[in-house]
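Guided by the hints, dock chain L onto chain H, whose structure is given.
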Amino acid sequence: MPDLWLLMASFVASAVCAAGACFVMLCSGSRLSGPAKVSESSRAVCGFASGVLAGLAVQGLRPAFPPTTALDRWLLIALPVLLLADVVASNGPPIRRSGLMARGLAAAAAVPIILFGSVHLQAAPEWSLLPGLTSGGLLITVCACALTALVATLACIPSEISAVPRATLCVLTLQVAGLTVMLGGWVRGGAMALPFAGSCAGMLLTGVAMSQVTVVAATIRWTCLSLCGVVLLGHFFGRLTWLQAVLLLFAAVIPPLPGLCSSRGRGIFCSLLTLLILAAVLVPALTAFAERMRPLMSGMVLDQMPEVIQPG
Amino acid sequence: MVISRRFCLFTLMLLTLLQGSAAAAPADEYVYDAIHSSVSFKARHLDISWIHGRFNEVDGRFSIDRQDASKSSFQLTIKADSVDTANAARDEHLRQPDYFDTKQFPTIEFRSKKVKAIDGGYEVTGDFTMHGVTREITIRLMGGKEIESRGVRRVGFSTELRLKRSDYKFDPSAIGAIGDEAIVIIDCEGMSK
Chain H
1444 MPDLWLLMAS FVASAVCAAG ACFVMLCSGS RLSGPAKVSE SSRAVCGFAS
1494 GVLAGLAVQG LRPAFPPTTA LDRWLLIALP VLLLADVVAS NGPPIRRSGL
1544 MARGLAAAAA VPIILFGSVH LQAAPEWSLL PGLTSGGLLI TVCACALTAL
1594 VATLACIPSE ISAVPRATLC VLTLQVAGLT VMLGGWVRGG AMALPFAGSC
1644 AGMLLTGVAM SQVTVVAATI RWTCLSLCGV VLLGHFFGRL TWLQAVLLLF
1694 AAVIPPLPGL CSSRGRGIFC SLLTLLILAA VLVPALTAFA ERMRPLMSGM
1744 VLDQMPEVIQ PG
Chain L
57 MVISRRFCLF TLMLLTLLQG SAAAAPADEY VYDAIHSSVS FKARHLDISW
107 IHGRFNEVDG RFSIDRQDAS KSSFQLTIKA DSVDTANAAR DEHLRQPDYF
157 DTKQFPTIEF RSKKVKAIDG GYEVTGDFTM HGVTREITIR LMGGKEIESR
207 GVRRVGFSTE LRLKRSDYKF DPSAIGAIGD EAIVIIDCEG MSK
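Residue numbers (the working numbering), protein chains in the order written: chain H, 1444 to 1755; chain L, 57 to 249.
Same shape as in the complex, but just chain H (with noise of 0.2 Å):
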């Protein structure tokens, strides 16, 4: 069973680090001109990466290298280097080309990383769609398309600060998508969400505070990264159905697409729909994980026989 407190703590200490970093980043940067000046969303991966790391901290949680799991994986390569493509991109112009590839490689190298050297990549040799493709090919082609798909509609986001109702829900998404791998069974798995939503909330707060839309787009580009993460990781390690993923990605993407939310009325029913989501994702979850545990608990067995133990 997971320690709830050491969750909240590591929550509450990667949102207060990547809060800290970011501000201090941006102050700094802000003093830079010419060649020195880097976008803000470049400085704020700084805030953002301090405060994953101390969350894990927090959690006890360190990576293994060499990388042998698909959490380490995860964690070593291919998020660095989905972040590394994302600070690359937004140092150029909006959705220049480069940029664009570079996140679309990024996107589609993620897959095989965290795949690598599991059973799904070894199922079925004979089965084969098409000559020579495998299913474990067809499922790295399909996860890294989606992939590639979504992180191209992120880079569209618009900068601006009616975004961060969008951003909130977006961490929300993140947490849910988290205590649902959770309750699937796989406690470090579910936990580790929780750095990243603490990181992406300090870094929500801070770009607020200072009125950097720039960071708060880049917060919903990242929160959703690392939901991608956890659903991929939930989905081929963890208990994470086919229909509980694409539930929480379609949550996540719905609020920050560009033109579907963006009048007053549309935002109030992105959110509705997003809530609604996460709600049918979470209650069934829940639902099961009192069912399977219920065995499990020792009240229950102890309710069942009352007399056995009778004082005097």
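A portion of the hints provided could be inaccurate.
[To be verified] Restraint-style ranges between C-beta atoms, simulated for each label pair:
id, chain 1, residue 1, chain 2, residue 2, range
1, H, Met-1544, L, Asn-112, 44 to 54 Å
2, H, Pro-1509, L, Glu-192, 18 to 28 Å
3, L, Lys-169, H, Leu-1719, 58 to 68 Å
4, L, Lys-220, H, Pro-1506, 18 to 28 Å
5, L, Ala-142, H, Ser-1471, 40 to 50 Å
6, H, Pro-1506, L, Asp-84, 45 to 55 Å
What the hints contain is simulated information worked out from the structure, not anything from laboratory work. Predicted model, so just to flag it, every value in this text is computed and none were measured. Think of the CB as a built atom: it goes at the ideal place given N, C-alpha and C, for glycine as much as any other residue.
Showing chain L alone in chain H's frame:
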């Protein structure tokens, strides 16, 4: 006297021939009999009692050279997904990355490297791979008696080994209520035609 000398010479030649043919005889090959074998384990719960479990899908091969034990070999492959502790919820948790991580590390394997005959069995040194970590261990396989039943030759072995989960890079946060050390009990039969 001549006859006696010839008889001795003949006996010596016969013995030499028999020895030669015995040395050239291939080792007996056996396959793991899943019906009459079990790989079970137990681990401490809260340091007051034991939780028992077993692996239901195991495969293996033994090659036993009765004349020269060092030419024998033992292989065992356990499907980690088949863990069974008589509680579905716990088994499901054990399969996930907090414990065995069966999607990443689907099998637990033992491959012998060195076999030595000991009183009542064999001392087998080999590579034990679990959770992606390979360590050299030495086990004492007791038994080895062969019988023939319904046209099938059978040989049986038993062993018990103690493993520390921390040695195999299991998640340290999952070591607490369930003890670090696990005792693995292997009772197996091999079949050969």
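Evaluated hints:
In this structure the supplied range 44 to 54 Å holds for Met-1544(H) paired with Asn-112(L), their Cβ-Cβ distance being about 49 Å. For the pair Pro-1509(H) and Glu-192(L), the supplied restraint of 18 to 28 Å holds, since their beta-carbon distance comes to about 20 Å. A C-beta distance of roughly 59 Å is found between Lys-169(L) and Leu-1719(H), which places it inside the suggested range of 58 to 68 Å. At about 21 Å, the beta-carbon gap between Lys-220(L) and Pro-1506(H) stays in the expected band of 18 to 28 Å.
Distance hint for Ala-142(L) and Ser-1471(H): a CB-CB separation of about 59 Å, inconsistent with the stated range 40 to 50 Å. A C-beta distance of roughly 47 Å is found between Pro-1506(H) and Asp-84(L), which places it inside the suggested range of 45 to 55 Å.
Taken one by one, the earlier hints fail for this structure only at number 5.
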